[in-house]
Amino acid sequence: MEHEIINRLKAITGDAFTISEKDRVESYIYDEVEENFRPTPSDNNVVVKPDSVDQVVEIMKLANEKEIPVVVRGGATGLAGGCTPVLPSIIITMERMNRIVEIDEKNMVAVLEAGVTLMDLLEELEKYDGLSFPVHPGDEGAQMGGMAVTNAGGARAVRHGVMRKHIMGLEVVLPNGEVMELGGKLIKNNAGYNLLQLILGSEGTLAVVTKVILKIYPKERYSATLIAPFERIEDACDSVMEILKSGNIPLAVEYMDKRLFVDTAKMLGMKWQAEKGKADIMIILSEKTESNLFETVRSINEICQAHNSFELLYAGKQSEQQEILKIRSQHYELIKDEICDSYDMAVPVSEVPDFILGLKKLAAEYNTGTNIVGHIADGNVHNDMLYLPDGSIPEYAAELKQKMYNLCLSMGGTITGEHGVGKIRNREICQQLGETQVALMKGIKQVFDPKGIMNPGVLFAE
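Mapping of the sequence shown onto the working numbering: residues 1 to 462, in sequence order.
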């Protein structure tokens, strides 16, 4: 990066908060994408750490003037390569903009700077009696700005939906440095196009989010976790659909291949208690009253039994629930060295059993396997590609991935349910959306970002 640019950035944020040394910049260029499938980064970048919207404004004015690409970095917990600069770029890290501006109990909203992490918010809400925030994408190091622009999801989407459902307002800085307030604390606001919703899920391609106004909710005080073992995945999925139709909406319903539950528990020095069956679902319940919780448990047990489940396991103590959740959440540690790529496709809930069986059939055709984990009640299925026994990426990797995508799309699905397109699915997006939709999206980007400086390579292949 030119010395003039570096010096001007130092004048904005201060010497200590502008990093240009290559060895230090390298720690700011990747997210959690598997190493072999990461986008190739530029080696000519500068990192800046603003601590106010005014500093972001000045950075964007400079970038716009010099037509320098800008990549905004949140908690780097993403899985689509979105924060990797593929061109020489200014990397804006939001870590210093981490103030909780307000917890407004009267309007039940939180006003947060973009660098506030999910953990920061949850810890702050513990100071208030009976307040909570439901969205949990899996890593509490995720920052609010990043959760907004990636429309973060997670296991709890079955009851609470994804991030866009909970965001009432944003403060953003446009590529030309202009500050725009979108939405607010209003429940109703019908004035013009909903630009707020365009920013949500835009993956850093339209503007820099500097502040988020977020709904908060009363805490549900009673919880339990059920493990329902089945012999057949079809019966497990049918029971989930029947549970949803009954009006019982669990906090989360998770599926993992049986061996993942069993072997992860063993890795952690525990034992998976559901010994029978080949397909287990984990049902997490959360209710306002104890009587509601017990009635929900009774109803779900009857439904599962009617769909040929073995005896359900009940965990009511917090320690028991946390042990089960730990087994579910730590499965990646079990498989991380055997996978070279991973996916987060989603299909209509009714298609989940056929989709899971179809993915396994495709893997078998190539004499390989695939680990499957699913947010089964919202149709979001995670699977992966395995290394060959010698540790190399298989020659058929691209072909098998394409067949998996074809299967998903044939069922009315999407190639990404929650991780986003980023820079690792930008060549496949046309296959799903078609040329007309992509052209409209490019037109929207042109209006917001006429010089094309916001996160080049994300959503659209260069």
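Check the hints yourself; a few may be wrong.
[To be verified] Distance windows between CB atoms, simulated:
id: 1; residue 1: ALA11; residue 2: SER350; range: 52 to 62 Å
id: 2; residue 1: GLN305; residue 2: GLY247; range: 10 to 20 Å
id: 3; residue 1: LEU87; residue 2: GLY369; range: 55 to 65 Å
id: 4; residue 1: PRO88; residue 2: GLN321; range: 43 to 53 Å
id: 5; residue 1: LEU409; residue 2: ARG259; range: 49 to 59 Å
id: 6; residue 1: SER223; residue 2: LEU195; range: 46 to 56 Å
id: 7; residue 1: ASN406; residue 2: ASN292; range: 35 to 45 Å
id: 8; residue 1: LEU195; residue 2: ALA16; range: 51 to 61 Å
No wet-lab data here; the hints were simulated from the structure. In this text, a Cβ means the ideal position worked out from N, Cα and C, and glycines have one as well.
Consistency of the hints with the structure:
1. ALA11 with SER350: 52 to 62 Å: Given about 58 Å between the Cβ atoms, the range holds.
2. GLN305 with GLY247: 10 to 20 Å: This hint holds: roughly 18 Å between Cβ atoms.
3. LEU87 with GLY369: 55 to 65 Å: Taking Cβ atoms as reference, LEU87 and GLY369 lie about 37 Å apart, which means the hint is violated.
4. PRO88 with GLN321: 43 to 53 Å: 48 Å, holds
5. LEU409 with ARG259: 49 to 59 Å: Violated, since LEU409 and ARG259 (Cβ atoms, about 28 Å apart) do not stay within the stated range.
6. SER223 with LEU195: 46 to 56 Å: 38 Å, violated
7. ASN406 with ASN292: 35 to 45 Å: Between ASN406 and ASN292, where Cβ atoms are some 43 Å apart, the hint holds.
8. LEU195 with ALA16: 51 to 61 Å: 35 Å, violated
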